[in-house]
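*Asks:* Keeping the supplied structure of chain U fixed, place chains L and Y upon it in accordance with the hints.
Protein chains in written order, with the working numbering: chain U, 36 to 480; chain L, 60 to 361; chain Y, 10 to 333.
The hints are simulated quantities; they were obtained by calculation from the structure and are not laboratory data.
A virtual CB, placed ideally from N, CA and C, is assigned to each residue, including glycine.
Among the hints, erroneous ones may be present.
[Said to hold, decoys possible] The calculated lysine-lysine pairs, modelled on DSSO-like cross-linking and capped at a C-alpha distance of 30 Å, are:
hint	chain 1	residue 1	chain 2	residue 2
1	Y	Lys115	U	Lys84
2	L	Lys349	U	Lys216
3	L	Lys355	U	Lys455
4	L	Lys314	Y	Lys115
5	L	Lys349	U	Lys455
6	Y	Lys87	Y	Lys270
7	L	Lys126	Y	Lys115
8	U	Lys130	L	Lys246
9	Y	Lys84	L	Lys246
10	Y	Lys93	L	Lys218
11	Y	Lys206	L	Lys311
12	Y	Lys206	U	Lys84
13	L	Lys358	U	Lys210
14	L	Lys129	Y	Lys84
15	U	Lys83	Y	Lys206
16	Y	Lys271	L	Lys218
17	Y	Lys93	L	Lys246
18	U	Lys216	L	Lys358
19	L	Lys246	Y	Lys270
[To be verified] Calculated Cβ distances over 10 Å to all of chain L for the following chain U residues:
hint	residue
20	Pro56
21	Phe194
22	Gly225
23	Ala245
24	Ile274
25	Leu281
26	Lys306
27	Ile310
28	Phe332
29	Trp339
30	Val398
31	Asn422
32	Ala444
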Amino acid sequence: MKPDNKNKNLINEFTPFLERPDKVWFLKISVLFLFIAIGFYAFYVQVKKGHIVTGMRDHVVWGIYIINFIFFLGLSYAGALISCIFHLARIQWGKPLMRMLEMTATISLVIAPVYILLCIGRVDRLHHLLIYARIQSPITWDVIAIVTDLFFCFVFLYFTHIRDFARLRDLPEIKVSRWRKRLYRFLALGYRNTPEQAKYLNQALDIMAAIIIPTSIIAYSLLAWLFGMNLRPGWHSSIFAPYFVLTAVYSGIALLIVIMWIYRKVYNLEKYITIEHFYYLGFVLIILDLFYGYFTFSEYITEWYNSQKTPTLLLYKFFNFSEYGGLFIFSNFIAAFLPLIIIGIPWFRSVKSITITSALVIVALWIKRYLIIVPTLETPYIPIQDNRAEWVHYSATWVEWALTLAGIATFILFFIFSSKIAPIIPVSAMEDKTKKIKIFYHKKN
Amino acid sequence: MKIQIINKYLFNKVYYKILFILFVIYSVPARSEDNSKINKPIKSRMYLTYDKLTDGTKVLTAKLFTKDGKIFTPIVNAPVCFSVENDTSTLELGIISTDKEGLALLYLSKHYQLPGNLGRAYIFHAEYSGNDEYIPVDGQVEIKDLLLDFKLAEKDSEKTIEITVNEYSSEDTLVPAYDVEIYGYVKRLYSLLEIGVEYSDDLGMTSIEFPGDLPGDSIGNLTVIIKVEDSDIYGNVEKIKDINWGIPVSYKETKTPRALWADEAPLWMIIAVIVILAGAWFNFFLAIFKLYKVRKLGKIRK
Amino acid sequence: MAKKRKKSKSSRRKFIRTGITLGALTVTGSGIVSSLAKEEEQDSEKIKLLNQDGKLVEVASSKIKLYHKPAVSKKARKGISGRKFVMVIDLSKCGNARKCIDSCQKGHNLATDQEWIRVHLMKDNQQSDPYWFPKPCYHCDNPPCVKVCPVGATFKRSDNCVLIDVNRCIGCKFCISACPYSVRIFNWKDRYSYREKDTDYSPETSVPGQVGTVGKCDFCPDKSRNGELPYCISSCPMGALYFGDINEDTITNGDETLRFKKTIEERAGYRYLEELGTEPNVYYLPPVDRMYPFERGLKDLTEEQKARYNNVISKLQSDNETGQ
Numbered sequence: 036m037k038p039d040n041k042n043k044n045l046i047n048e049f050t051p052f053l054e055r056p057d058k059v060w061f062l063k064i065s066v067l068f069l070f071i072a073i074g075f076y077a078f079y080v081q082v083k084k085g086h087i088v089t090g091m092r093d094h095v096v097w098g099i100y101i102i103n104f105i106f107f108l109g110l111s112y113a114g115a116l117i118s119c120i121f122h123l124a125r126i127q128w129g130k131p132l133m134r135m136l137e138m139t140a141t142i143s144l145v146i147a148p149v150y151i152l153l154c155i156g157r158v159d160r161l162h163h164l165l166i167y168a169r170i171q172s173p174i175t176w177d178v179i180a181i182v183t184d185l186f187f188c189f190v191f192l193y194f195t196h197i198r199d200f201a202r203l204r205d206l207p208e209i210k211v212s213r214w215r216k217r218l219y220r221f222l223a224l225g226y227r228n229t230p231e232q233a234k235y236l237n238q239a240l241d242i243m244a245a246i247i248i249p250t251s252i253i254a255y256s257l258l259a260w261l262f263g264m265n266l267r268p269g270w271h272s273s274i275f276a277p278y279f280v281l282t283a284v285y286s287g288i289a290l291l292i293v294i295m296w297i298y299r300k301v302y303n304l305e306k307y308i309t310i311e312h313f314y315y316l317g318f319v320l321i322i323l324d325l326f327y328g329y330f331t332f333s334e335y336i337t338e339w340y341n342s343q344k345t346p347t348l349l350l351y352k353f354f355n356f357s358e359y360g361g362l363f364i365f366s367n368f369i370a371a372f373l374p375l376i377i378i379g380i381p382w383f384r385s386v387k388s389i390t391i392t393s394a395l396v397i398v399a400l401w402i403k404r405y406l407i408i409v410p411t412l413e414t415p416y417i418p419i420q421d422n423r424a425e426w427v428h429y430s431a432t433w434v435e436w437a438l439t440l441a442g443i444a445t446f447i448l449f450f451i452f453s454s455k456i457a458p459i460i461p462v463s464a465m466e467d468k469t470k471k472i473k474i475f476y477h478k479k480n
Numbered sequence: 060m061k062i063q064i065i066n067k068y069l070f071n072k073v074y075y076k077i078l079f080i081l082f083v084i085y086s087v088p089a090r091s092e093d094n095s096k097i098n099k100p101i102k103s104r105m106y107l108t109y110d111k112l113t114d115g116t117k118v119l120t121a122k123l124f125t126k127d128g129k130i131f132t133p134i135v136n137a138p139v140c141f142s143v144e145n146d147t148s149t150l151e152l153g154i155i156s157t158d159k160e161g162l163a164l165l166y167l168s169k170h171y172q173l174p175g176n177l178g179r180a181y182i183f184h185a186e187y188s189g190n191d192e193y194i195p196v197d198g199q200v201e202i203k204d205l206l207l208d209f210k211l212a213e214k215d216s217e218k219t220i221e222i223t224v225n226e227y228s229s230e231d232t233l234v235p236a237y238d239v240e241i242y243g244y245v246k247r248l249y250s251l252l253e254i255g256v257e258y259s260d261d262l263g264m265t266s267i268e269f270p271g272d273l274p275g276d277s278i279g280n281l282t283v284i285i286k287v288e289d290s291d292i293y294g295n296v297e298k299i300k301d302i303n304w305g306i307p308v309s310y311k312e313t314k315t316p317r318a319l320w321a322d323e324a325p326l327w328m329i330i331a332v333i334v335i336l337a338g339a340w341f342n343f344f345l346a347i348f349k350l351y352k353v354r355k356l357g358k359i360r361k
Numbered sequence: 010m011a012k013k014r015k016k017s018k019s020s021r022r023k024f025i026r027t028g029i030t031l032g033a034l035t036v037t038g039s040g041i042v043s044s045l046a047k048e049e050e051q052d053s054e055k056i057k058l059l060n061q062d063g064k065l066v067e068v069a070s071s072k073i074k075l076y077h078k079p080a081v082s083k084k085a086r087k088g089i090s091g092r093k094f095v096m097v098i099d100l101s102k103c104g105n106a107r108k109c110i111d112s113c114q115k116g117h118n119l120a121t122d123q124e125w126i127r128v129h130l131m132k133d134n135q136q137s138d139p140y141w142f143p144k145p146c147y148h149c150d151n152p153p154c155v156k157v158c159p160v161g162a163t164f165k166r167s168d169n170c171v172l173i174d175v176n177r178c179i180g181c182k183f184c185i186s187a188c189p190y191s192v193r194i195f196n197w198k199d200r201y202s203y204r205e206k207d208t209d210y211s212p213e214t215s216v217p218g219q220v221g222t223v224g225k226c227d228f229c230p231d232k233s234r235n236g237e238l239p240y241c242i243s244s245c246p247m248g249a250l251y252f253g254d255i256n257e258d259t260i261t262n263g264d265e266t267l268r269f270k271k272t273i274e275e276r277a278g279y280r281y282l283e284e285l286g287t288e289p290n291v292y293y294l295p296p297v298d299r300m301y302p303f304e305r306g307l308k309d310l311t312e313e314q315k316a317r318y319n320n321v322i323s324k325l326q327s328d329n330e331t332g333q
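Chain U with its partners taken away, still in its complex shape (with noise of 0.2 Å):
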């Protein structure tokens, strides 16, 4: 099986972004290392002076730490869910976009449990979830779906790269280091592309990607039950589960476009990243809105019905614009509306602004994330009464910042660091047009 002549020179298109970076490669790594390093820093004075340094108080004992624990996570399973999917459904258009969607469902799942240990008081016992493990607990249920995702993710990722890394072993002109070339030798498990080293690898990429889809919706489901078996009104809702598997998936769209732009700008490839994709992209994007704002409504209508004592009361704090009121309207009305206004009306439609659009989510859903946690948490069912106004509302202190950007820092800084390891885009897919649709386990003929 040869690749074919049209695409034949499709990894030597890829291969000098895997070669020596120039100065401003570098630049922008030493302006993400200075980030994580200020995180460390607030780390260090979270470990030294204990939790007293974050605005976390008795009432509200999570903030921002662990809504950016559902926000990454939330990209992770995402980009496992729609990259199996795409798999599994073998769309073609979908190929380009394979290596991004695993990149982040990856990437974001190493970075999301590092928020949830920053919640925790006491991280030297963290041996603990393993020998007084208790089944009967959500954190418990979460940390066996982390680990248990972490490790799928990562075979699944190293699945889809074996074909890549035999293309650039058997590349004599590459320019990389020795060491590189022997990483990708040993990567590449002696992979000549075979008909019967094909036909496995497939079948280990298919159960891979039919295994990761229901782990990564049961996975997102324990999230959501870690806040819904709480007896909190506001949290205490079966809607739960689907609402926050859908909020991932939406939030896992909307940066996918942000980062296909990206791409596009950096590595000039508007050859392989189309405005089609933009276009298809963005249809997914309204058709998700609309079950977003569907899912919203009908939480809030069934709360605001029966008006509750203390949901109605964290009703009003949303609906009042000394509390929540405006970061209620702003989230909502991007989250719910704004893609079926600027994609959905014709005349509006650009790459630009789907980008744009796509953006705009990714931060509604965070403020969503946070309208989740804190407000709840300020509001239990026997009001607080306390003296000291940072005990009754929350506000994020200067160690949490620092560590969300060190966050988003490590984010970006891994996906430059995985673009020099292999191609951005999966070459070998590509090139490989040969078979239309596979079947699931099929049987010899």
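*Replies:* Coordinates of chains L and Y only, in the frame set by chain U:
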């Protein structure tokens, strides 16, 4: 140069005047403060109580303390001298130091014969002689010996406690004590639960009805305490007996069920977790196995 | 001088650790005790003890109160046999004197901003009058906090207590958010009181605390072991707090001892937010026939403490204005 300056100051009259004023200002108030501390001992106070325990032991308790506004402070490690007054003489019983709560307790065994007296009435004294810091104080109680006893009677499922109180006549014979206020209690973990109050009649008898619905321990045992409390004549007298009139409470700790809040999780939960994880990881290893085959084929070609 | 004091302190601790302490009786080795010795020898056992002067003396065992040590580690996860502790709070008596809070903080070595028992000002609806509402841990029979703990650091005992083992707690705060009554508090920073090394930690005493872990009202089972009432109960000047054992059907506030079931029945005792299904072990007696107006409870507060209750007081003022 220096000497000149010193001389200038030393022989300046103003300087001496200032020095004198300073001396007066600083020394006088300080002295008066010291005086008040040394010369004014604190007033000490004492409560003396008398208890007759169930085994006939008599206990004299002297509580020694000071009072400042609403704050009571015990005087610790202070010797208190106990004595009993006879018709003719005073007999010293002993000296006991107060403990950290300011209490000095004197136990008089039932075998200990107090000096003979008409009708077995005694005047007990407790005396604290004081020291530089505390003013001496003493306490006194006048007590007539009371004999308290009770029987338990069960008639037609009605349970009653029949109480008899006697005292000594001037001829040293037992006579009924009448109009004595008697309390019935059941002992509980933290306190005594009152079950009734009665006055003794002319025969020195009375009865208290025992509630039928009172839980006891695991076999229904209870401790009943009959008491004469804070009597001006008899002091405190008590009699304690264990009875089996309580409703048995099952102490058997049933094994905690498998529950969300218990140590052991519900079975379905464990099974569900195992099934889901086994399913997921089976597929994972299947995929790894396929990869192993890829690698094997690559080696063969080499 | 300082050294000497330290030495005597540690020797006293050792003395307590031997498990025996002198109760009411103090032995001086002279006076009347010796005159009683003959009889005592016959009817009771003797125990050797150190008296306050450091001399070894013998005392009849019947005169000594045994000091029960609080249970530690694994033993603390089992309840005191045969006990089912319960608290009853008479809302008509509470006047926000804050004595329960003070004594609890003293007893558990807490700072003034750590309140394991809180007093809320409640106003149920527009027509009802405000009342003071002391809120300890409810020690639920179906505790949401215990359900969610990933390491079993908080646990339910057979004597109704829900306790925390801070040596196991990882500080994930899940229990704090799971508690619908907002009872649990987090040890946000290291405090001097956490460093007391002489005290053996027991979940029953909750002393010393640890930074980065969770703390809350523990029903003071270490005091119950010695037949003493919890700190808050014995310090309440109004006798508004009652404590007892359901198995004994008895509750007491220190002065008054009542039958538990009868009290709940006659005075319409209820549990707060019964509909949540948490099965609390703290009962409230409704604030009928109040002993004094609720404003009395604001009198002795500092301005800062008063500011806590602004949410209710401002509502009252606005209601009054609209009423007029």
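*Asks:* The structure should be examined with respect to each hint, and the outcome stated for every one.
*Replies:* Hints and how they fare:
1. Distance hint between Lys115(Y) and Lys84(U) is fulfilled; the C-alpha atoms sit about 24 Å from each other, no more than 30 Å.
2. Proposed proximity of Lys349(L) and Lys216(U) is supported: the alpha carbons are some 25 Å apart, at most 30 Å.
3. Pair hint Lys355(L) plus Lys455(U) holds up; C-alpha atoms about 29 Å apart against a cutoff of 30 Å.
4. Using a Cα cut-off of 30 Å, the hinted pair Lys314(L) and Lys115(Y) is violated, with the two alpha carbons roughly 36 Å apart.
5. Under the criterion of a C-alpha separation no larger than 30 Å, the hint pairing Lys349(L) with Lys455(U) is consistent with the structure, at around 28 Å.
6. A hinted pair counts as satisfied when its Cα atoms are at most 30 Å apart, and Lys87(Y) with Lys270(Y) qualifies at roughly 26 Å.
7. This hinted pair checks out: Lys126(L) and Lys115(Y) have alpha carbons roughly 23 Å apart, not beyond 30 Å.
8. Straight-line distance between C-alpha atoms of Lys130(U) and Lys246(L) comes to about 82 Å, which puts the hinted pair past the 30 Å bound.
9. Pair hint Lys84(Y) plus Lys246(L) holds up; C-alpha atoms about 27 Å apart against a cutoff of 30 Å.
10. Distance hint between Lys93(Y) and Lys218(L) is fulfilled; the C-alpha atoms sit about 27 Å from each other, no more than 30 Å.
11. Between Lys206(Y) and Lys311(L) the alpha-carbon distance is near 37 Å, which puts this suggested pair outside the 30 Å criterion.
12. Of the supplied pair hints, the one linking Lys206(Y) and Lys84(U) holds, its CA atoms being roughly 20 Å apart against a limit of 30 Å.
13. With a C-alpha separation of about 26 Å, the suggested pair Lys358(L) and Lys210(U) falls inside the 30 Å cut-off, and the hint holds.
14. Proposed proximity of Lys129(L) and Lys84(Y) is contradicted: the alpha carbons are some 42 Å apart, above 30 Å.
15. Distance restraint check for Lys83(U) and Lys206(Y): the Cα-Cα separation of roughly 20 Å lies within the 30 Å cut-off, and the hinted pair is therefore satisfied.
16. With a C-alpha separation of about 20 Å, the suggested pair Lys271(Y) and Lys218(L) falls inside the 30 Å cut-off, and the hint holds.
17. Taking the CA atoms of Lys93(Y) and Lys246(L), the gap is about 17 Å. The hint holds against a cut of 30 Å.
18. Using a Cα cut-off of 30 Å, the hinted pair Lys216(U) and Lys358(L) holds, with the two alpha carbons roughly 18 Å apart.
19. Using a Cα cut-off of 30 Å, the hinted pair Lys246(L) and Lys270(Y) holds, with the two alpha carbons roughly 18 Å apart.
20. Distance check for Pro56(U) against chain L: the nearest CB is about 31 Å away, which clears 10 Å, and the non-interface claim stands.
21. For Phe194(U), the non-interface assignment is contradicted: its Cβ lies about 7 Å from the closest Cβ of chain L, within the 10 Å cut-off.
22. Some Cβ of chain L comes within 10 Å of the Cβ of Gly225(U); the nearest lies about 2 Å off, and the non-interface call is violated.
23. Residue placement check: Ala245(U) does not keep its beta carbon more than 10 Å from all beta carbons of chain L (closest about 7 Å).
24. The beta carbon of Ile274(U) is kept farther than 10 Å from every beta carbon of chain L, the shortest such distance being approximately 22 Å.
25. Every Cβ of chain L is farther than 10 Å from the Cβ of Leu281(U); the closest lies at roughly 22 Å, confirming the non-interface assignment.
26. For Lys306(U), the condition that its CB be more than 10 Å from all CB atoms of chain L holds, with the nearest at approximately 31 Å.
27. Once the 10 Å rule is applied to beta carbons, Ile310(U) is consistent with being away from chain L; the minimum gap is 36 Å.
28. Against chain L, the non-interface label of Phe332(U) holds: every CB pair exceeds 10 Å, the least being about 32 Å.
29. Under the 10 Å C-beta cut-off, the non-interface status given to Trp339(U) relative to chain L holds; the minimum distance is some 31 Å.
30. Even its closest Cβ contact with chain L, about 34 Å, leaves Val398(U) beyond 10 Å, as expected for a residue assigned away from the interface.
31. Distance to chain L confirms Asn422(U) as a non-interface residue, since its nearest Cβ pair spans about 28 Å, more than 10 Å.
32. Against chain L, the non-interface label of Ala444(U) holds: every CB pair exceeds 10 Å, the least being about 32 Å.
The structure is inconsistent with the numbered hints 4, 8, 11, 14, 21, 22 and 23, although it conforms to all the rest.
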